[in-house]
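Protein chains: 2
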Amino acid sequence: MKARVTVTLKTGVLDPQGKAIEGALKSLGVAGVESVRQGKVFDIELSATNKAAAETELKIACEKLLANMVVENYRIDIA
Amino acid sequence: MKARVTVTLKTGVLDPQGKAIEGALKSLGVAGVESVRQGKVFDIELSATNKAAAETELKIACEKLLANMVVENYRIDIA
Numbered sequence: 877m878k879a880r881v882t883v884t885l886k887t888g889v890l891d892p893q894g895k896a897i898e899g900a901l902k903s904l905g906v907a908g909v910e911s912v913r914q915g916k917v918f919d920i921e922l923s924a925t926n927k928a929a930a931e932t933e934l935k936i937a938c939e940k941l942l943a944n945m946v947v948e949n950y951r952i953d954i955a
Numbered sequence: 877m878k879a880r881v882t883v884t885l886k887t888g889v890l891d892p893q894g895k896a897i898e899g900a901l902k903s904l905g906v907a908g909v910e911s912v913r914q915g916k917v918f919d920i921e922l923s924a925t926n927k928a929a930a931e932t933e934l935k936i937a938c939e940k941l942l943a944n945m946v947v948e949n950y951r952i953d954i955a
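Chain order of the listed sequences is A and B. Sequential numbering from 877 applies to the first sequence in the working numbering. Sequential numbering from 877 applies to the second sequence in the working numbering.
Just to be clear, a hint being listed does not mean it is correct.
The list cannot tell twin chains apart, which means a pair is met if one copy fits it or any two copies do.
Unchecked claim - Simulated crosslink set (DSSO-like; lysine-lysine; CA at most 30 Å straight-line):
1. K916 to K902
2. K886 to K902
3. K940 to K902
4. K927 to K940
Everything labelled a hint here was simulated from the structure, so no lab data went into it.
Working from the sequences, and respecting the hints, build out all of it.
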């Protein structure tokens, strides 16, 4: 079973990396960029055949390792 | 206009970061993880009001800065 976990910064948390990308895009002449925020994506292959079991495992993975729950949100999409 | 750009490694390109996460999840006791590949996600706000114009700008942004076309693929989703 394949799943995609997307980890993004919570609203209000400063994102200096995103700001740097925004500045770089502007200096490269890419027009119309108002803001950029960067996150991470994890494509995970699981041995679970049951969607609910896969989701439970992924929640544990996110909370233990993939996301910093203080400043980040995560989203799980199971294919 | 909001858009999300997802940059992932091409198939066959080694992903040591993903391998490390896979190992860490296993040692944390998260069961059933077969493989992990890490990518990046960019949430971009654009001033363009027209979807086609936004897509053109984002393609330029990806090819110039956000993705390394030698080893990475990108995907653009415009909300």
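Hint by hint, here is what the structure shows:
In this assembly of identical chains, the alpha carbons of K916 and K902 lie at most 30 Å apart whether taken from the same copy (22 Å) or from different copies (20 Å). When the C-alpha separation of K886 and K902 is checked against a cutoff of 30 Å, the pair qualifies both within a copy, at 24 Å, and between copies, at 27 Å. In this assembly of identical chains, K940 and K902 lie within 30 Å of each other by CA distance solely across copies; the values are 12 Å between and 37 Å within a copy. Taking the shortest Cα distances, K927 and K940 sit within 30 Å of each other inside one copy (20 Å), while across copies they are farther apart (38 Å).
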